[in-house]
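Combine both chains into one complex, guided by the hints.
Residue numbers (the numbering used here), protein chains in the order written: chain L, 1 to 207; chain G, 1 to 478.
Simulated from the structure, these hints should not be mistaken for laboratory data.
Predicted model, so just to flag it, every value in this text is computed and none were measured.
There could be a bad hint or two in this list.
[As the list claims (entries may be wrong)] If you want the ones that stay clear, here's a sample from chain L, every Cβ over 10 Å from chain G, calculated: (1) E68; (2) T146; (3) K150.
[Stated by the list, open to error] Quick list of the computed label-pair ranges, beta carbon to beta carbon: (4) G/D408 <-> L/A126: 57 to 63 Å; (5) G/D273 <-> L/A131: 48 to 54 Å; (6) L/D135 <-> G/R185: 47 to 53 Å; (7) L/Q192 <-> G/G56: 15 to 21 Å; (8) L/N198 <-> G/L57: 21 to 27 Å; (9) G/R55 <-> L/A131: 43 to 49 Å.
Beta carbons: idealized from backbone N, C-alpha and C, even for Gly.
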Amino acid sequence: MSRSFTRYTGTMAPLPIQNIDTDQIIPASYLKVTDRSGLASGLFSRWRYRDGDPEGEPISDFVLNRAEHGEARILLAGDNFGCGSSREHAPWALVGYGFRAVISTSFADIFRSNALKNGLLVVPVAEDVSAALFDAVAANPATEVTIDLKAQALSLPGGGETNFEVDPFARRCLLDGTDQLGYLLNQASSIQAFEAANPARLDTRSG
Amino acid sequence: MSAPRTLFEKIWRRHVVSPEGVTAEAEGLPAIVYVDLHLVHEVTSPQAFTELVERGLPVRRPDLTLATMDHSTPTDPSIDDARLRVLDPEGSAQLDRLQANCERYGIPLYAMGDERRGIVHVIGPELGATQPGMTVVCGDSHTSTHGAVGALAFGIGTSEVGHVLATQCLLQHRPKTYEVRVDGRLQEGVVAKDIILAVIARLGIGGGTGHVFEYTGEAIRALDMEGRMTVCNMSIEGGARAGLIAPDEVTFAYLEGRPMAPSGDAWEAALEDWRSLPTDEGAAYDRSTTLDGSALEPMVTYGTNPGMAIPIAGAVPEDEAIEPEKRASFRKALDYMALEPGQQLQGKPIDVVFVGSCTNSRYSDLVAAANVLRGRKVADGLRVLIVPGSDAVKRQAERDGLAQVFVDAGAEWREAGCSMCLAMNGDQLAPGQYAVSTSNRNFEGRQGAGGRTFLASPLTAAASAITGRVTDVREVLS
Chain L
1 MSRSFTRYTG TMAPLPIQNI DTDQIIPASY LKVTDRSGLA SGLFSRWRYR
51 DGDPEGEPIS DFVLNRAEHG EARILLAGDN FGCGSSREHA PWALVGYGFR
101 AVISTSFADI FRSNALKNGL LVVPVAEDVS AALFDAVAAN PATEVTIDLK
151 AQALSLPGGG ETNFEVDPFA RRCLLDGTDQ LGYLLNQASS IQAFEAANPA
201 RLDTRSG
Chain G
1 MSAPRTLFEK IWRRHVVSPE GVTAEAEGLP AIVYVDLHLV HEVTSPQAFT
51 ELVERGLPVR RPDLTLATMD HSTPTDPSID DARLRVLDPE GSAQLDRLQA
101 NCERYGIPLY AMGDERRGIV HVIGPELGAT QPGMTVVCGD SHTSTHGAVG
151 ALAFGIGTSE VGHVLATQCL LQHRPKTYEV RVDGRLQEGV VAKDIILAVI
201 ARLGIGGGTG HVFEYTGEAI RALDMEGRMT VCNMSIEGGA RAGLIAPDEV
251 TFAYLEGRPM APSGDAWEAA LEDWRSLPTD EGAAYDRSTT LDGSALEPMV
301 TYGTNPGMAI PIAGAVPEDE AIEPEKRASF RKALDYMALE PGQQLQGKPI
351 DVVFVGSCTN SRYSDLVAAA NVLRGRKVAD GLRVLIVPGS DAVKRQAERD
401 GLAQVFVDAG AEWREAGCSM CLAMNGDQLA PGQYAVSTSN RNFEGRQGAG
451 GRTFLASPLT AAASAITGRV TDVREVLS
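Isolated chain G, as found in the complex (with noise of 0.2 Å):
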C-alpha cells in the first residue's frame, strides 16, 4: 500500500512527464506537467498563435484545444456584428483574430452565435469538457474553477499559452498544499459567495501565494456543484493558483449525460477512476485552516480588493485595528471608495447591481437571483444587470420563466459574456458609481474607470436590487 496522498498529490504524480531535478546537473529544473484540457479565450491568446506562426510550429492537441469568445463580446442583444466592428473595432479584430486562427490550427471554437458559447469557466463545466483528475490551463486565473469538479484547473500567462499550444505541457515546480475546511451548516441566506469571501477575508489575498487550495468540511460537501465553482473560482483572489475540491456523488451526478463526459463503459471505468481520487485517510497537507461555516454570514466586501470583505451587519474597519504597516494601503483603499472607517455598508446607496461573471452567473445564480425579485420591482432609477454565463444558461433562464421575472422586475436581461465584470467590452460603471456586483474582483477601476464595487452573493445583489442599498437578504425575505 503506497503512502496516503492528498487530491492534488493524485492529480500531480499522473501528469509528471518528467520530474523536477533530481541530478546535480538538473537541479532546480521545474517539472514537466501534461495538459489535458487547454481552454483558449480571445483575450491573451493573439501573441502565443504568433508565436507559433513565427517559429512555424503546429499546436500539438487541437482535439484537447477549445475556444470561445466571451471577454470583449458584447452584451446587449442590440449589438449585432456589423454595429460591433463600427462600436469596437479593436475588439472586432481580436475576435476575428482567435476566429482565423482556430480555423488555421483545427481548434474547436464557440464563436458568436454557437448556441455552446459563453464564458469559458461556465461552458468548460457544462459541456462535461472539465473532469475529475484532469489538469486544465486557460490564459486567465479563475481557471481555478474547474477545480469544483475535481481538477487541478489553474491560470497561466500567454507565453505559457504558447508552450501548451505547442506541446501540450507546462514547466511548473510543484506547489505546495494548503487545506480550507469549513465546518458546519450555513445558515439561510449564507451561501457559497459569502464562504468564499470569509475565506479570503481570513487568508488576506496573498494568504494562498505557493499553494493549492483544498476546500474541505462539512459546508463545502454539501454545497452543489455550481456553488462549488463559486468557491474554486475565487480561489485566486486568496492568491493559490489553483483551488480543488474532492469528486463525490454530487459531481458525477452533475457531469453523467453531459456533451463531453464519458458515456457507457466509458463512464463506468471513469467512474472507477474518480472515486480514488479523494485525499486518503492520514495524508498531509502542507498547511492548514478551519473555519466554522455555522458562524458565517453574508459578506460584502468595503474595499479595493477581495480580502477587504465584512459581515453585512458590520462596519468597515477603524484604523486601530489596521495594522501600522499596512494602514497607507487601508486609507487608499477607502479614499478610493470614498468611504469612512467604522462606517456601517448597510443601507447605502447604489447605482448599479451586476448579476454575472464567471463566479456567479449559473443558472443556480440566477434562480437565487430570480427568487428574490420575483413580483418585486428594482429600486428607481437603479441599473440592473443580469448576464448569463451562457447560451445555454440563457436558453434555459427563458424556458423557465427567469428572464421574465428580471425583466418583469426591470432588470436588464442580457446576452452571455464577461460583461462588467471587467468591463472591456463598454459595459462599465461611470466614475463615482457604486455597484454591488457578484464578480470576484473590485480592484480600483476594475468595473470602470472610477467605480465601486461591493462583491457580495446573488441573494445579496438582489436584495439590495430591490432597495437600491445595500441590503441584508434576510431582511427582504422575512
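Isolated chain L (complex conformation) (with noise of 0.2 Å):
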C-alpha cells in the first residue's frame, strides 16, 4: 500500500453529508479481517448496495454508483468527517477503494491521524470553500482540482487556489515516505533514558 502522496488532480465523488461516521465507512462486520486487505467491497456498503450486501444490488443514486462519479479518487465530504469509532479499517477502505484523500471543513481527531498514516491525505477547507466545490461538482461532475501537498494548495473549480492545514511531520513523511515507526524506534535510547528515570508503577503479569 502506498503511504506517500505529493501531487494529485482528478475528480470528486460529492457526499454532501455531516457527521459521517467510521460506522458509515466500514460497517463493523467487516472488521474481523486480520489483514488490511479486502475492505474496498466494505466501503459506505450499508449506502452503496440493497441490504448492505455488496453481492446485491447497487443503490443507484448513492454517488460511488454514479457513472459520472465513478472515477473519482477525492471524496468531497460534509464537516466532521470521520467521527466515532478509532478503527483504522476506514481509512484502509477508502484507500482500497482508490481515494487518495478526502476534502471537508473538518476531520475527526483519529481518523485524520489514521487517514494520514496510510497515505490518505486530508484536506480540511474553509466552509465557502467547500461550498463552491460541491456546487461545481453539481454543476458539471468532471470538475478537477488539484491537490499539491508540498505547496499545501487546492486548486479551485473557477481559478486560484487557498492553502490548506496539515501536521507537519505526517506532511513531511508523505512527501519523502519517512516511516513513523522507524523514526520512533530511532529514539529508543530517549526512550530508554526516559524508562530508566521513570520506573514503572504497574506490571500487568502480577494480575
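Here it is as C-alpha cells:
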C-alpha cells in the first residue's frame, strides 16, 4: 500500500452529509479481518448496496454508483468527517477503493491521524470553499481540482487556489516516505533514558 | 513555585520523552509521549502484530500491556468454543490470532473462560490497572473511559497500536484543554448518562475536536467512580479523544485493594503523588463551558448521532430549529429513524432493550436497572438483553441476586462482552427495529443493519423495558 502523497489532480465524488462516522465508512461486520486488504467492497456498503450486501443490487443514486463519479478518487464530504470509532479499517477501505484524498470542513482527530498514516490526505477547507466545490461538482461532475501537498494548496474550479493546513510531520512523512515507526525506533536511547528515570508502577503480569 | 497547571498539563509533562519540535530543523515535530498502559483487544490489533513480525521487532514492554477478548465474543451462554467455530469462523480466527500473538510476545491475555475477562474499558479500572496520572491507550475510541480515574487515556489506530507495541511511545501533538463544568445537584432519576448526553447535545459531536475535556463541578464530584466512567467514556462522542476527572478520595477508595493497584508503602507513595495531580487554582483552560446539573432531565437521543439528544419529555426539533446548512443531514437522520419533526419520543413503541457496553455495564448500572425491574415484568413481545461488562460483574450480580431479578422479569442474562453495542458478535437488531440502548452510539446500522437506536441511561432503559415504550423512569418509580 502506498503511503506517500505529493500531488494529485482529479475529479471529486460529492457526499454532502455531515458527521459521516466510521461505522458508515466501514461497518463493524467487516472488522473481523486480520489483514488490511479486502475492505474496499465494504466501503459505505450500507449506503452503496441494497441491504448493505456487496453481492446485492447497487443503490443507483449513491454517489459511488453513479457513472459520472465512478472514476473520482477525491471524496468531497460534509463537516466532521470520520467521527466515531478509531477503526483504521476506515482509511484502509477508502484507500483500498482508490481514494487518494478527502476534502471536508473538518475531520475527527483519530480518523485524521489514521488517514495520514495510510497515504490518504485529509484536506480541511473553509465553509465557503466547501460550498463552492459542491456547487462546481453539481454543475459539472467532470470538474477537476489539484491537491499539491508540498505547496499545501488546493486549486479551485473557478481559478485560483486555497491553502490548507496539514500536520507538518505527517506532511514530511507523506512527501519523503519517512516511516513513522522507523522514526520512533530511532529514538530508542531517549526512550531508554526515560524509562530509567521513570520506573513503572504497574506490572500487568501481576494480575 | 511553578505556574498553575491543569490536570492534563501535569500528566502530559510527566510523559514527554522528547518535546514537540523546538529547533528550526525540528519545527512541527510531534512530541514523543510515553505510554504507561497499553490495552489490547482482538479487533484492532492483528495488523499491528503482523507489522512487528514482518520487521522482526519485539514488544518493548509486555509488562505494560494487557489483552482481553470482548468485541466479537459471543454473549449467548449456550455458544461454546466448538459452536463458535461453526457459527463465526472469522471471529474465531481473530480470537485465535490474538491468543497466538500474546503467547508469542509474552503479553498477559484474559481469554475466553478467564474470570478476569471482560470489556477492555470495564476490566482496566476493575483490576486497578488504570491509575491516576497514567497515560493509557488502546485501539478503541472509548479508551477515554479511563480518564475517570484521572488518567490521560485515549483511543488510537492500529498503526499506532504497532508503534506502542514496538516502542511503548506515540508521536503526538499536544491537544488543547476544555473544561466542562457541571454545577448543582442532579434531580431524582437523572444520572451520569444524562449528564454526558446533555453535554454532547450542547457542544455537538465535533465540539471537542482537538481538545481533552476535563469534567469539573459539583455534579461531577458527586458521581461515584462508575458514573464518572460513563461520563468520560462518551468524551469521544463529543469529539474529544480524552476526558479527565481529577482524582479524589472517591477515586482512592475505589482503587485501594484492587489486584493491580499499589499496596503497602507503594500505596502510600502513590497516594501522595496522586494528590498533587488535580488542576491548580488559577490554571487556565483553552476553552470552558458550564451546565446547570440541577436543570438536567433524563435524556434520550432521537437521531443518528449522540449529539441528537433531547430531554425525555421533549420533542424532536422542528426544521426551523436546525441551522439551514444542517437540515439535509437532520432530515436524513429522521428518515432513517422513521420519525417526524416535532414528534414526542415518550410512548414510542420499541422492540428491544439493551443494557450493556463499556458505557453502562458495570455493577452499579445493573443495580440501577434491577431496582426498576425488581418484582416487575418486561413488556410482552419485548426482547431485553442484560449484558454485564465483565466476568467479575457477572459473578457479583449472580451472587447478589441481581441476575435473578432480571431473569424473573423476563430479561435475557448474558455473558460479558461488547455485544449489541456494535453488533459484530451476532447480537443485533433486525432491520427497522427500535431499541432503547445504554450504549454510546446511535449511528445508522450501529446495532444491526437498519436498526434504530435510542440512547439512554440504565434507568430509562429499565423503565422502557417494563412498558415496551420509551418511558420516563420517574413515572415508573413514582
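Given the range 57 to 63 Å, decide if the beta-carbon distance of G/D408 to L/A126 lies inside it. holds (59 Å)
Taking the Cβ atom of L/Q192 and the Cβ atom of G/G56, is their distance within the range 15 to 21 Å? holds (19 Å)
Take a look at whether the Cβ-Cβ distance between L/D135 and G/R185 falls inside 47 to 53 Å. holds (51 Å)
Taking the beta carbons of G/D273 and L/A131, is their distance inside 48 to 54 Å? Roughly 52 Å apart at Cβ, these two residues keep to the hinted range, so it holds.
Using the beta carbons of L/N198 and G/L57, state whether their distance is inside 21 to 27 Å or not. holds (22 Å)
Given the hint of 43 to 49 Å, is the C-beta distance from G/R55 to L/A131 inside that range or not? holds (45 Å)
Say whether it holds or is violated: L/T146 keeps its Cβ farther than 10 Å from all Cβ of chain G. The assertion about L/T146 holds, with a minimum of 24 Å to chain G.
Non-interface label on L/E68, tested against every C-beta of chain G at 10 Å: Holds, because the least Cβ-Cβ distance between L/E68 and chain G comes to about 20 Å, which exceeds 10 Å.
Taking the closest pair, is the beta carbon of L/K150 still more than 10 Å from chain G? The assertion about L/K150 holds, with a minimum of 14 Å to chain G.
Violation of the numbered hints given earlier is absent; every hint is satisfied by the structure.
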